[in-house]
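Asks: Here's the letter readout for the chains.
2 protein chains.
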Amino acid sequence: MIDNRMHKTESASNGVERTIIRDLPKSIGKQVEIRGWVSVRRDHGKLIFLDIRDRSGEVQVVVTPKESAALETAKQLRAQWVVCIEGTVKERPENMRTDTLCGMLEVSALNIEVLSAAHELPFELDAEVNIDTHFDYLPLTLRTEKSRDIFTLQATIVEAYRASLRAMEFTEFQAPSLVGGDAEGGAAAFKVDYYYDTTAFLATSPQFYKQIMVGPFERAFTVAKVFRGEKHATTRHLSELTCVDFEMGFIKDHRDPMGVLERAIHDVVQTVKENHPDIFARFKVDVPLIPSSIPILKLREAHKILGVPEMPDMEPEHERQICEWAKKEHKSDFVFITDFPTASRAFYTYEDPADAPYSRSFDLLFRGLEINSGSQRIHDHAMLVERMRSRGLDPEKYSFYLQAFKYGLPPHGGSSTGVERITARMLELPNVKEASAFPRDLNRIDVRLSL
Amino acid sequence: MIDNRMHKTESASNGVERTIIRDLPKSIGKQVEIRGWVSVRRDHGKLIFLDIRDRSGEVQVVVTPKESAALETAKQLRAQWVVCIEGTVKERPENMRTDTLCGMLEVSALNIEVLSAAHELPFELDAEVNIDTHFDYLPLTLRTEKSRDIFTLQATIVEAYRASLRAMEFTEFQAPSLVGGDAEGGAAAFKVDYYYDTTAFLATSPQFYKQIMVGPFERAFTVAKVFRGEKHATTRHLSELTCVDFEMGFIKDHRDPMGVLERAIHDVVQTVKENHPDIFARFKVDVPLIPSSIPILKLREAHKILGVPEMPDMEPEHERQICEWAKKEHKSDFVFITDFPTASRAFYTYEDPADAPYSRSFDLLFRGLEINSGSQRIHDHAMLVERMRSRGLDPEKYSFYLQAFKYGLPPHGGSSTGVERITARMLELPNVKEASAFPRDLNRIDVRLSL
Chain A
13 MIDNRMHKTE
23 SASNGVERTI
33 IRDLPKSIGK
43 QVEIRGWVSV
53 RRDHGKLIFL
63 DIRDRSGEVQ
73 VVVTPKESAA
83 LETAKQLRAQ
93 WVVCIEGTVK
103 ERPENMRTDT
113 LCGMLEVSAL
123 NIEVLSAAHE
133 LPFELDAEVN
143 IDTHFDYLPL
153 TLRTEKSRDI
163 FTLQATIVEA
173 YRASLRAMEF
183 TEFQAPSLVG
193 GDAEGGAAAF
203 KVDYYYDTTA
213 FLATSPQFYK
223 QIMVGPFERA
233 FTVAKVFRGE
243 KHATTRHLSE
253 LTCVDFEMGF
263 IKDHRDPMGV
273 LERAIHDVVQ
283 TVKENHPDIF
293 ARFKVDVPLI
303 PSSIPILKLR
313 EAHKILGVPE
323 MPDMEPEHER
333 QICEWAKKEH
343 KSDFVFITDF
353 PTASRAFYTY
363 EDPADAPYSR
373 SFDLLFRGLE
383 INSGSQRIHD
393 HAMLVERMRS
403 RGLDPEKYSF
413 YLQAFKYGLP
423 PHGGSSTGVE
433 RITARMLELP
443 NVKEASAFPR
453 DLNRIDVRLS
463 L
Chain B
13 MIDNRMHKTE
23 SASNGVERTI
33 IRDLPKSIGK
43 QVEIRGWVSV
53 RRDHGKLIFL
63 DIRDRSGEVQ
73 VVVTPKESAA
83 LETAKQLRAQ
93 WVVCIEGTVK
103 ERPENMRTDT
113 LCGMLEVSAL
123 NIEVLSAAHE
133 LPFELDAEVN
143 IDTHFDYLPL
153 TLRTEKSRDI
163 FTLQATIVEA
173 YRASLRAMEF
183 TEFQAPSLVG
193 GDAEGGAAAF
203 KVDYYYDTTA
213 FLATSPQFYK
223 QIMVGPFERA
233 FTVAKVFRGE
243 KHATTRHLSE
253 LTCVDFEMGF
263 IKDHRDPMGV
273 LERAIHDVVQ
283 TVKENHPDIF
293 ARFKVDVPLI
303 PSSIPILKLR
313 EAHKILGVPE
323 MPDMEPEHER
333 QICEWAKKEH
343 KSDFVFITDF
353 PTASRAFYTY
363 EDPADAPYSR
373 SFDLLFRGLE
383 INSGSQRIHD
393 HAMLVERMRS
403 RGLDPEKYSF
413 YLQAFKYGLP
423 PHGGSSTGVE
433 RITARMLELP
443 NVKEASAFPR
453 DLNRIDVRLS
463 L
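Chains as they are written, first to last, in this note's numbering: chain A, 13 to 463; chain B, 13 to 463.
Simulated from the structure, these hints should not be mistaken for laboratory data. Fair warning: there could be bad hints in the mix.
[Said to hold, decoys possible] Listed next, the in silico DSSO-like pairs over lysine-lysine satisfying Cα-Cα at most 30 Å (straight line):
| hint | chain 1 | residue 1 | chain 2 | residue 2 |
| --- | --- | --- | --- | --- |
| 1 | A | Lys-339 | A | Lys-310 |
| 2 | A | Lys-42 | A | Lys-87 |
| 3 | B | Lys-78 | B | Lys-38 |
| 4 | A | Lys-340 | A | Lys-316 |
| 5 | B | Lys-78 | B | Lys-58 |
| 6 | A | Lys-409 | B | Lys-243 |
| 7 | A | Lys-264 | B | Lys-42 |
| 8 | A | Lys-243 | A | Lys-158 |
| 9 | B | Lys-203 | B | Lys-264 |
| 10 | A | Lys-243 | A | Lys-264 |
| 11 | B | Lys-264 | A | Lys-38 |
| 12 | A | Lys-203 | B | Lys-409 |
| 13 | A | Lys-409 | B | Lys-158 |
| 14 | A | Lys-203 | B | Lys-203 |
| 15 | B | Lys-343 | B | Lys-285 |
| 16 | A | Lys-102 | A | Lys-42 |
| 17 | A | Lys-158 | A | Lys-38 |
| 18 | A | Lys-58 | A | Lys-42 |
| 19 | A | Lys-158 | B | Lys-409 |
| 20 | A | Lys-243 | B | Lys-203 |
| 21 | B | Lys-158 | A | Lys-203 |
| 22 | A | Lys-102 | B | Lys-58 |
| 23 | B | Lys-38 | A | Lys-264 |
| 24 | A | Lys-243 | B | Lys-409 |
| 25 | B | Lys-264 | A | Lys-42 |
| 26 | A | Lys-409 | B | Lys-203 |
| 27 | A | Lys-296 | A | Lys-158 |
| 28 | B | Lys-339 | B | Lys-310 |
| 29 | A | Lys-264 | B | Lys-102 |
| 30 | B | Lys-285 | B | Lys-158 |
| 31 | A | Lys-264 | A | Lys-203 |
| 32 | B | Lys-285 | B | Lys-38 |
| 33 | B | Lys-310 | A | Lys-264 |
| 34 | B | Lys-264 | A | Lys-87 |
| 35 | A | Lys-340 | A | Lys-285 |
[Said to hold, decoys possible] Stretch-level coverage of chain A by chain B, calculated; a stretch enters the list once three of its residues show a Cβ under 8 Å from a Cβ in chain B:
| hint | stretch |
| --- | --- |
| 36 | 82–95 |
| 37 | 124–135 |
| 38 | 164–171 |
| 39 | 179–185 |
| 40 | 237–243 |
All C-beta atoms, glycine included, are put in the ideal place defined by N, C-alpha and C.
Okay, chain A solo, but in the shape it has when bound (with noise of 0.2 Å):
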């Protein structure tokens, strides 16, 4: 329904359509405007080179002295300044050309308009920073080709999940930020002043909304913000993060969430494996290995395959260890961990019957890093409100979700992804700080907080 038609939305200035970069080789020996960022500028003297930058790619400028007005202003164009440049499209003599988009042709500059002048960098944008500057000068440094590459692929990852989900009939909802209560009763929930001195939390998880999304559309997903308070300063946490989370009713136990979200993990790795060959390449990291059916191990028997006494959750260690083994054993970059025991799991979580205390919950752990967590979900209202006292929750405080429950809900079960965790270990960022576009944090927001 929707055609590719981005060209008609460039307007035409001085009646000059602006030409995008990818589609030079097809205008080769035609004058064409382009407009972009200077990445790099050389000045040899009598010619100045310019790489030109916009959304679909590079190229390189020719500034020669026969175009004087230009080779002027070019003179004074530094890194990041914003042009607008006529010029001709040349094909480059065969021994120049390089293995890049446009690396077989370049513009030679008939006029140079500077849209915006940039003041001096910082630093030069392809330096290595260390981790904090790069977070203090995010509106520049996102703009290196790392940052880029990896807030496309994300946005890859996320479309590509969304539409797996879709296919399999999900409905989309948006689920909301602001909640009266801790909605898991034990994570660290934000405070934020309400109305009238009311005071609101800002949601750990869109759980309770998606459970009860089962009752009107019986499979549901959101793209929700999710808020943790927990003063974690670790690599594998933010404050603020991005969740898919989906949820389906008529389920037979855990074993059918965990297919769906099989499904949708093969979806994101096709796609991006389809789309993204030059992201990988640029980060020298495979494209994930997933076989057609993820390893599923029981928490117990993980432990027994590393050789450790049985424990109630899996240690970060205990995480890379196994997936070590699952990539060695079974060539596969994914492995599910499941029936962890239901003390260890949040209160929702259906208890294995046949196999009490363990529960009928998993975790997906990739390349080392737990990315998934769900479970099938207790959808009988007495047994939940008997779990929420055995808790120590007070079931009257939780009257609103309940009424899903009391008004009939099938059985049903669902998961929530990590959208910056799968972001940086499909490829292997360090710090999962790096995949959040504005990373949250202990000591953060855009800038360090004083404390």
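Since chain A is already given, all that's left is putting chain B on it; use the hints.
Replies: This is chain B only, laid out in the frame that chain A set:
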């Protein structure tokens, strides 16, 4: 790439594959298993009729004395009980057929299993209840056909909008909800208790972040939550709302983002028209009228047409009147109002140098309501700092944002569409809160706040 294979995600219990109701016409004469909610039970003494709903549709089940166990179970059933029914799909006699999806058939029950019993409902689900009761019981009332229609349509609107922007080469990003200061310097932002006694705020707009994203991506968009703490108690305001925000570089003026917006709205209207004629029919509402070019009026022209004195903004009543005019004169449910006085717009709005004190700004009105607001933005660092000072804003407090301009940003602009507002006007809902699945306002976060 992603094919439609929802059926394979249905688990089989006792070896029988579930059939979704939409597919029953393909199973005439066959034995099937369906799962869903009891919408209605009609007890005719010897016979019991059940209307069963799943995510794909509704079907009539007949339970006869021949299957006495099924009949005993059927007698206990009430609205919203969740069941799994085995039965035979039979054609109805010609004179008993209805015009619905499964109106030519019924399922003759062989066995009924109760998956979840519901308590007695507080009111009949299709009863007209007042809006506060509707909100008090959302986990139940979201199951009405009306609510399912609203949020099915909303999911389509959001996805069609995103698809349109992707086709125009916009890159999606995740804008943060937690911000360090009140972005617009005017709107009432909610305060958040952040770490170590610092205060954060909830974003009133993703504006600064999408402008920053013009640097790396030139064209960027986000579907974001925004939070407004004004003490408005109207049918037009929410305290938490969803917006689709885009921003694009290398524009000539505000007409470029208006062109992108027009195309996106065209795509949205076309998509809902193709996918949801049934929803428009049930709401007795026409698909929106949208001519190939949406009419454009300068604010002062609009006031002139209405025969009122020139004012700095549109009054709600004037928005309604000018929309009536656009419908009558241009057969359009949409109308652009442009060239607002600079002083009545956000500080970053670009003043038209040839027409000061008016600005390159626009609102899009839809069936009497502003659903979108946008403009060309100031891209020059010095001019922006100067504008901040003239508005009494301290540029030091905006140093993170200002980097985007300091390091070279092209002429750019964009706009923001309220998802709940466009949904509400699409179906002519009187209150925008009805288009929020879980509305937050002065008096409510799920439950009514005690004041």
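Asks: Run through the hints listed earlier and report the numbers of any the structure violates, in increasing order.
Replies: Hints 9, 10, 21, 22, 31 and 33 contradicted; others consistent.
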